[in-house]
Every structure is written in structure tokens, then in C-alpha cells.
Amino acid sequence: MSGPSTRSVLEPSPWSQRLAALLVIVYALITMIPLVWIVLTGLKTPPDAIAYPPKVFFEPSLEGYVNLFTARSRQAPEYMASLPPPTSWYDELVRKRNMVITGPSRFAERYLNSVIIGFGSTFLAVFLGTIAAYGFSRFKVPLKDDLLFFILSTRMMPPIAVAVPIFLMYRVLGLSDTHLGMILLYTMVNVSLAVWLLKGFIDEIPMEYEEAALVDGYSRMQAFWKVVLPQAKTGIAATAIFCLIFAWNEYAFALLLTSGEAQTAPPFIPIIIGEGGLDWPAVGAGTTLFLLPIVFFTVLLRKHLLRGITFGAVRK
Amino acid sequence: MAEIVFENVTKRFGNITAVDNLSLTVADGEFVVLLGPTGAGKTTTLRLAAGLEVPDAGRLRIAGVDVTRAPPAERDVAFVFQQYSLYPHYTVFQNMAFPLRSPSQRWDEARIEARVREIAGLLRIEAKLDNLSTKLSGGEMQRVAIGRALVRDPAAFLMDEPLSSLDARLREDLRVELKRIQEDLGATILYVTHDQMEAMTLADRIGVLAEGKLVQIGTPRQIYSEPASVHVALRLGSPRINLLPVGALGLTDGPAGATTVGVRPEDVILGQGGAAARVIAVEHLGAETVFLAESEGNKVHALAGAGVMRHAGEETTVRMLPGTALFFDGEGHRLAAARASDAEREAERAHGT
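Just so you know, the protein sequences line up as chains A and B, in that order. Position 31 of the first sequence, counted from 1, bears residue number 31 in this note's numbering, the numbering being contiguous throughout. Position 182 of the second sequence, counted from 1, bears residue number 182 in this note's numbering, the numbering being contiguous throughout.
No lab work stands behind these hints: they were computed from the structure. Given the structure is predicted, the values throughout are model-derived calculations rather than measurements. Hints should not be assumed to be uniformly reliable.
Mimicking DSS-like on lysine-lysine, the simulated pairs with C-alpha atoms at most 25 Å apart in a straight line are [claimed, not checked]:
1. Lys135(B) to Lys226(A)
2. Lys55(A) to Lys96(A)
3. Lys303(A) to Lys135(B)
Turn these sequences into a full structure, and let the hints steer you where they fit.
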């Protein structure tokens with residue numbers, strides 16, 4: 001006999017909750033393995049990284065990170081012996097492989113390019129998207145539905161399908177291998193997503209708030225700034241993360257359109273060549289550092305993201 | 001405070017005429033309630049006054065100034081919305097201070113603080129000033145919304161069913177408070193509702209709207225006892241006025257052209273002579289009792305005191321207080337007919353039920 005239950009009929013039973021939790025944990029573990037492997041690889045020595053069978057337990061080394069940030073050259077043992085004792089721990093690490101540091105690598109520069117282009121295009125896409133979405137949401141725009149469909153249609157093919165025309169266009173316009181060119185390109189791809197996502201969020205903000213502000217003596221711009229934006233911030237945060245992830249991870253256009261000046265980290269990391277093939281610890285180190293900003297912002301905005309992704313499903 | 005004047009104002013949305021050639025003057029310090037069903041154009045009328053809609057024809061003056069095309073900010077009116085009235089990202093204090101911080105007001109912070117506290121005291125929400133506006137009960141939210149309108153001392157208040165989302169008890173409390181505040185401040189208020197009780201208790205004058213037209217405007221008593229049409233007669237009174245064909249229950253003395261006769265339930269008397277009838281249903285409402293009776297195929301509501309005991313199925317008789325019937329023609333317009341004086345009716349009623 002069971003006593004009167006205190007839980008609602010809509011609430012799952014404790015056992016199904018436990019089962020669901022278990023499934024989520026297993027799924028998380030499976031999806032995390034590649035990431036964990038990348039982080040671990042970044043901490044291995046090159047021989048450990050390519051050892052077979054693969055090493056799960058190993059002595060951690062910062063060689064990957066040193067290699068990532070430095071340019072090195074191999075020297076004859078006689079030359080190595082003639083050098084004065086190493087002045088730093090990373091110097092020592094490099095010399096063990098019969099090499100000397102000749103200068104910094106271009107990784108920091110590429111990383112900075114990624115930051116400029118990723119955040120720049122995200123800001124621009126979200127800014128334009130917010131304004132456009134507000135316009136579509138609040139005003140009678142002629143051919144509104146057609147325009148919205150047109151905006152959406154820019155996402156109906158993979159962006160890379162137009163790579164050749166864009167390559168030619170950019171060459172003529174002098175936008176190839178420039179920060180501005182890459183920012184504009186990623187903004188163009190992201191702005192349709194931003195408009196559609198943000199329109200959904202702004203549609204959900206009742207008009208009465210702005211009307212109240214208008215009657216209270218504010219102009220429409222001021223009402224937008226003081227009343228609409230603060231309430232749209234969840235949507236803006238979610239949209240910004242989506243845009244940033246795309247711009248940050250984009251590989252194909254970056255490979256095609258950039259080389260010297262504006263190259264971002266994604267095309268740079270795979271070309272870190274070491275002695276006798278890819279320097280896997282350096283690749284692992286570069287990838288780990290590359291992942292950090294997205295992880296950071298996703299964790300920072302996770303509360304907004306959860307509401308953002310489920311928007312429309314739950315009405316407050 | 002100032003007067004609001006609508007002059008032949010028309011507003012269309014596509015094929016629908018929401019407000020049709022409306023002329024209305026809300027005098028300085030007057031409380032006018034617009035009453036009508038959903039879609040009658042009440043809210044559109046308010047929004048026109050606020051400047052949230054621009055009329056297609058006609059003119060609008062507030063405090064003697066033509067504001068037909070002026071933006072809302074220039075009209076110096078305060079609007080209380082039905083719901084969604086508070087900014088959810090602000091505290092109660094910030095909500096109430098919001099109009100005073102607008103570019104057209106720009107009060108200094110010390111004055112804002114004093115003013116908000118004063119109005120919060122008036123509305124008994126001082127204790128909630130630091131709460132986030134979403135952390136309030138429905139009644140408190142509406143109080144804050146009214147407070148946000150009051151802080152500014154505007155030319156006029158426009159209120160769109162401000163009490164409709166509240167429960168009955170709160171609605172009653174706030175109604176009394178609102179009337180008190182209006183009288184204290186001598187405020188000009190244009191108020192929209194579909195609740196006849198609110199209209200009757202709050203209004204200096206009630207304007208009845210139907211399909212965008214102002215059908216009748218007058219004091220609550222005029223609207224109740226001298227409705228211009230069947231439509232107006234049906235809007236006020238609970239239970240609703242009884243509408244019967246002329247000739248029913250011996251009501252044959254109507255003027256020429258009358259087709260329908262209206263009798264208020266309180267003017268229907270059971271068991272005191274008249275036509276044979278049968279009680280169908282009885283509703284005890286505490287202080288009064290509503291009977292539904294049937295006579296000659298017509299159903300009639302009768303309102304009686306709590307002491308009158310009858311039960312469903314009982315055979316009885318039904319008649320009207322003489323002179324209380326309202327006669328309407330085929331199009332629903334009321335026809336003038338000699339009515340008994342109020343004193344005569346009171347005497348009869350005391351004698352009757």
C-alpha cells in the first residue's frame with residue numbers, strides 16, 4: 001500500500017528522473033571525450049602524443065604550448081654544446097630536442113585576428129539584427145513577409161556555395177585578407193539569423209511598454225533604448241552567442257580569403273608543422289586556447305541561453 | 001487638469017471603422033466612463049486621445065490646444081493600461097519615477113524622490129518601493145500603474161480597464177480609492193470599461209459606445225432610467241432588462257409604432273395579481289432574490305427582497321409596476337411614453353414586494 005503521493009501527476013517519478021539523469025551523463029561523457037582528448041594532447045610530449053597504444057596516463061609537459069608560441073630551428077649537437085646554459089624553463093625544454101628558439105610564432109597574432117573578426121562581426125550582426133528585427137516587429141513595412149523570407153533565404157544554401165564569386169568580388173574590392181572584409185562577410189552570414197531570432201524575442205515584448213513610455217514623455221528611440229532593449233537582452237545574448245560561435249569557428253572562408261594579414265586561428269592551427277609531421281601537442285594546445293572564449297561566454301550567458309533556446313515554448 | 005474635446009473624430013483600420021464620427025467633451029475635473037462591449041471602439045477612443053493612434057478625420061483638443069497630430073509626449077496625458085503596465089526591469093520606485101525623468105519633465109532627483117513617496121503613500125505602496133515590479137501582486141501592480149500616472153499631475157488621465165485583471169474584492173477596493181483620489185485631485189479622467197458596476201459607481205457621466213458610435217451620454221441615472229435604445233438599456237442593470245413584445249403581460253398602452261417593451265426586473269412583481277405565471281428558477285443573492293418566471297410563453301426576470309420565499313415550479317401571477325415600461329420601436333430606439341413619477345413608483349413598490 002502506498003500513502004497519498006505529494007507529487008503532481010505531471011511530475012516524472014523519481015526513477016524516471018534518475019534514468020533521465022543517467023542518460024544525460026552518459027551522453028555528456030561521450031560528447032566530452034574528444035574535447036578531453038584535445039586538452040590532454042596539448043599537455044603531452046610529441047612522442048607521447050603519437051604513442052601506440054594511446055597513452056591515457058602520462059607525465060604532463062608544456063612542450064605543446066611552448067611550440068605553439070615559438071618558432072624554433074634544429075641545430076647540430078656541437079652548436080648546442082657551445083651555447084651558454086639556458087636562461088628559462090622553456091628554453092631548456094626546447095633544447096632537449098636539439099632546437100633553439102628563433103622568435104615568437106604567429107599564433108598570438110592569428111588569435112588576435114580571430115578576436116577582432118569574431119567579436120566585430122558578432123557586434124555588427126547583433127546590432128543590425130536588433131534594429132531590423134525591431135522595425136519588422138513594430139512597423140508596417142511594405143512587403144514585410146517577402147523581405148523576411150528573402151533575409152531567411154540567404155541561409156538556404158551553405159555559404160561556401162558562393163565562395164568563388166565572393167573570392168573574385170573581394171579581390172576586385174580589395175577586401176581580400178583584410179579584417180574589414182572578414183567582418184563584413186561573417187556579418188552578412190549572421191545577420192539573417194540575428195534578424196529572425198531577435199524578431200521572435202521582440203515580438204514577445206508587449207507593445208504596451210513602449211506606448212507607456214511614449215505617453216510618459218519619451219521619444220520612440222528613447223523608448224527603444226530604455227524599455228525594449230533591457231527586456232530583449234536575453235534574446236540578444238542568445239543571438240550573440242550563436243553569431244560568435246559561427247564567426248569564431250568558420251574555417252572555409254578564412255582559409256580561402258585570408259593568408260598573411262587577417263588570417264584567423266582556425267586555418268592557422270592545422271598548419272602547425274613540427275619535425276617529421278604535425279606537432280600534435282601544439283595543435284592540441286592551440287585548439288584548447290581557441291575553445292576557451294566560447295566556453296567562457298557560454299558559461300557566462302548560460303542562464304540567458306537556456307531561456308533563449310526555449311523561447312516561445314514557455315511564456316512568462 | 002484640463003478638458004478633452006473630440007470633434008467628429010473617425011478612425012478606421014482597413015475596412016473596419018473603429019471610431020465613427022465621435023464627438024465628446026470631457027469637462028475639466030470630470031470623470032467620464034466609456035461603456036461598451038468588446039470591439040465597440042472604447043480603447044481606440046482612448047488611444048486617439050493619448051496620441052497612440054492618429055485619427056483619419058476630425059479634431060482633438062486637450063486644454064484648448066489642437067493635438068490631433070501631436071505625438072503622445074506633447075499631450076501631457078497619463079495612460080493606465082489594462083495590463084503589462086509596469087516595466088519589468090525596474091523597481092516600483094523606478095517605475096513611478098520614469099515619467100518624471102522623461103526629457104519633457106526632467107525633475108531633479110530630490111523632487112522625484114519626494115513626489116514618488118507622496119504618491120506611494122496615497123496609494124499605500126510605500127513599503128514596496130524597492131521591490132522589483134514583477135514581484136508584486138496584481139492589485140499592487142495596478143496601484144503602481146495608477147501611481148505612475150498620478151506622479152506627473154497631467155492634463156488628463158486616460159484609463160483602459162485598469163481594474164479588469166483584478167479579482168472582485170480588489171477591484172471593489174481600488175474602485176473606491178480611485179474615486180476618492182479623483183475627487184481629491186479634481187482630475188479629468190476618461191475611463192474605459194465593460195463593467196457596468198464600475199461605470200455606475202465611478203462616472204460623473206457615462207458614454208455608451210456601440211460599433212464605434214457614441215449612442216448615448218449622460219449621468220448614470222439618466223442612462224439607466226432613460227436609455228436611448230434597446231442597446232443602451234441592455235448595457236446597464238443586472239439581471240438585464242426584460243424585453244417583451246408589446247401586448248405581453250397586458251402592456252398594451254405603448255405609443256404608436258412600439259414593438260418591444262422593456263421592463264427592469266425590479267419593476268416586475270410576482271404574486272400580486274396580473275397574468276398567470278410559473279416560477280422556473282430562483283437565485284438567492286443574499287440581499288436580494290432573482291426569480292425567472294414564465295408567463296404566456298415569455299420569460300421574465302423579477303428582482304425581489306431577500307424575504308420573498310418562492311420555489312421553482314410554483315404557480316403565481318406576474319405584473320409590472322405601472323408606468324415603468326420602456327417602449328422601443330422596430331429599430332430599437334426608445335419612444336417617449338408617459339412614466340409614473342418616481343414617488344408614485346416607490347409607494348407602489350413598498351406596498352408590493
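Do the alpha carbons of lysine 55(A) and lysine 96(A) lie within 25 Å of each other, as the hint requires? holds, 21 Å
Holds or violated: lysine 135(B) with lysine 226(A), Cα cutoff 25 Å? Given pair lysine 135(B), lysine 226(A) holds - Cα atoms ~20 Å apart, limit 25 Å.
Holds or violated: are the alpha carbons of lysine 303(A) and lysine 135(B) at most 25 Å from each other? It holds: about 19 Å lies between the C-alpha atoms, which stays within 25 Å.
Violated hints are absent here; each numbered hint is respected by the structure.
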